[in-house]
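Undergrad: If you want the building blocks of each chain, they are given just below.
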Amino acid sequence: MTKDELVRALDGVDAKYVRCIDVFYRTEPRWRYVMKNSVKLAVSAAVILLMVAGFCLPHLLWDTEPKPWSPGAAVSGTKEELPTLRILIDLTLGGDVRSACREIEQFLLSHAEGCGESYQVEVESLPPIDEPDKREPAITQLHMQLNTGGPDVFLLRNFSDNIGLYPDLKNFFPYPASAMRQGVFLPLDAYIENDPNWENLCPAVMAAGNYEGSQLLVPLGFGIRASLVETASYDFTAELPLTGEQMLQSEDPVLRWAACSWVDMLGTLSDCETEELNFSEEELLSLITSVRDRKDTAASAQNRLPGVTLIPANDTHLNADSPDYWLIPSCNRSGGVTAHVEVFAAASAGTKYPREAYAVLKALMSREGQQKELITSFSLPVYQECQRGDPADGGWYLNDWNYSQLLSLEEQINAVEFTTPLYLELQALFDQYAALSDEELPAVVHEHYQKMKKMIDES
Amino acid sequence: MTDRKILDLFFARSQRAVEEVRDKYGGKLLRLAHNILRNSLDAEECVNDALLAAWDSIPPQRPEPLLPWLYVTVRNISMNRFRYNLAQKRSGSRYAIALDELDDIFSGADSTESTVDRRELCRLLDKFLGGLSRLDRTLFLGRYYSGESYLDMAERLNLSEHNCQVRVSRLRKKLREFLKKEGVLS
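Sequence order for the protein chains is A and B.
Residues in the first sequence are numbered from 1 upward in steps of one, following the numbering used here.
Residues in the second sequence are numbered from 1001 upward in steps of one, following the numbering used here.
Just chain A, same shape as in the assembly (with noise of 0.2 Å):
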């Protein structure tokens, strides 16, 4: 061995450990440092003042009896005679959780009715995604106090992770439709019966939250993949929804042009009741290859977009100077579109305060609720009104025509998919099925379907 192939083997280094050397690009100034120490003194001597203080008066300050353990970061209300609604989020993808949670307590403080007045709330996040050896630890932790008591709400995102910087990464729920077969949530149909604001959110993604008839998980945000084409440009005289197959096998350029994710067009991925995949190798194949084979150059333009996933971060065609478009997806399989869910919300099965904590989801499903980044995570908010966005604001909009383009999307709506382990292997198959040859395609996609047909069995 040389130091030459020391040296090149450093350029393969795992990613995830390249992202410390960060430390030495950030442009703060050295006096920041000097800064942080001198405040680091300070919040030390009032750590040990506090102490101290702790020590001798428990009784004038505080209650001192030991509170389970708190994830990440927990903020509370101060009146601890209330009873304590525990609220677990899981929504920052690194950072500084404790001012995600500090929002979401203020908005509850504000928006969710009671809170405050007869009971209060514990918000509380998981480590974020860049700290796996204090989030997988906290995850086990809080999943064995689910059987006892644990968090009330949940409000999280399923996070994904497409360069594997994190090749272990955990979310809470990773399949969603699971914890729901196995009853860890509390039903909600009492409650939504009564909620006059259940009419606004999307049904066909809110269906996602039903299991067996009752609905028992609430999806906050969400995401349609489609492709955009000008009004002005294109005469679009076919009749949606489509199934992927016809789109592919289309006489027209455009729409076989806009049959771009096979992905999207397998539809839902797996039978929540048998546990198996809806697809076979071969169909996963042939749909792969009659996606790669499509001809497509010639629909290209610049004024048409492929695959742009409808969410407000996507504001760059969709805004207040957009033209018109038509909004044309991958149709699935079964002649529909799939959305995907990125944010969601439940209540325990075990919480002792369920009017509460539908108090908390009702506020999470509000106008109020549903126009907040954080708790939406940047994707389409359920609340079908709060869509559109604001043209005040600059950013995404939806003008008439092209509202009423996503709202005929979210009819054709026939599948939704959770991010899910899953799901995460297809992608990572989408990611570079492009650069394989017609000989290696098989064997990748035979690797990749093993895997998944495991993922699904430990699901």
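Keep in mind the hints are simulated off the structure, nothing from the lab.
Because the structure is a prediction, the values reported are computed rather than measured.
Any given hint could be a false lead.
Okay, derived cross-link-like pairs now, EDC-like style, lysine to aspartate or glutamate, Cα gap no bigger than 16 Å in a straight line [claimed, not checked]:
no., chain 1, residue 1, chain 2, residue 2
1, A, Lys3, B, Glu1177
2, B, Lys1028, B, Glu1044
3, B, Lys1005, A, Asp315
Derived coverage of chain A by chain B (criterion: at least 3 residues anywhere in the stretch with Cβ under 8 Å from a Cβ of chain B; other residues may be distant) [stated by the list, open to error]:
no., segment
4, 1 to 7
5, 15 to 22
Even glycine gets a Cβ: it sits at the ideal position worked out from N, Cα and C.
Once you have looked at the hints, place chain B on chain A.
TA: Same frame as chain A, but now just chain B:
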């Protein structure tokens, strides 16, 4: 702008994506390239090449978070240029000085042994890094991945320059022992 929003711009094939990356991360990327090359023009060109690579790779890739992916891309491009410059004898960068220190690891060792498979060596390096504390990992990669000077590392990590040197020297020894134990260094 968030990484996610930038990635959506890439997916929407908006040129603004590249501008946003340049605005948000351009300074960091330039410094990494400059550490390796010690030449502003070369460094700028490497960053431009990396942005072009991002434009070509996203989609279908969706590297979130974006920054580590950009670091890897910029470094790979800069290292290719560094090796080219070295062959042309146009080096003398900070990074070259850092690499000279790695001779410690090989002093007295038989370097004529058969070559080690690169992937295996990458795996071993990952294993080595995985066994280090976060601070030691940062020091090791700061010095030998991005070519930081001891003074800069000391300032950024709130250590003394001497402490940095001693720690990194111990890490080299540790790596030497590790590679011997793994049987790739005699």
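Undergrad: Under the criterion that the straight-line Cα-Cα distance not exceed 16 Å, is the pair Lys3 (chain A), Glu1177 (chain B) satisfied?
TA: holds, 15 Å
Undergrad: So is the segment 15 to 22 of chain A in contact with chain B by the C-beta rule, three or more residues under 8 Å, or is the coverage claim wrong?
TA: Holds, because 8 residues of the segment 15 to 22 of chain A bring their Cβ atoms closer than 8 Å to Cβ atoms of chain B.
Undergrad: Tell me if chain B covers the segment 1 to 7 of chain A under the three-residue, 8 Å CB rule, please?
TA: Coverage by chain B holds for the segment 1 to 7 of chain A (6 residues, Cβ < 8 Å).
Undergrad: Given the hint that Lys1005 (chain B) pairs with Asp315 (chain A), does the C-alpha gap stay at or below 16 Å?
TA: holds, 8 Å
Undergrad: Check the hint pairing Lys1028 (chain B) with Glu1044 (chain B) against an upper bound of 16 Å on the C-alpha distance.
TA: holds, 12 Å
Violation of the numbered hints given earlier is absent; every hint is satisfied by the structure.
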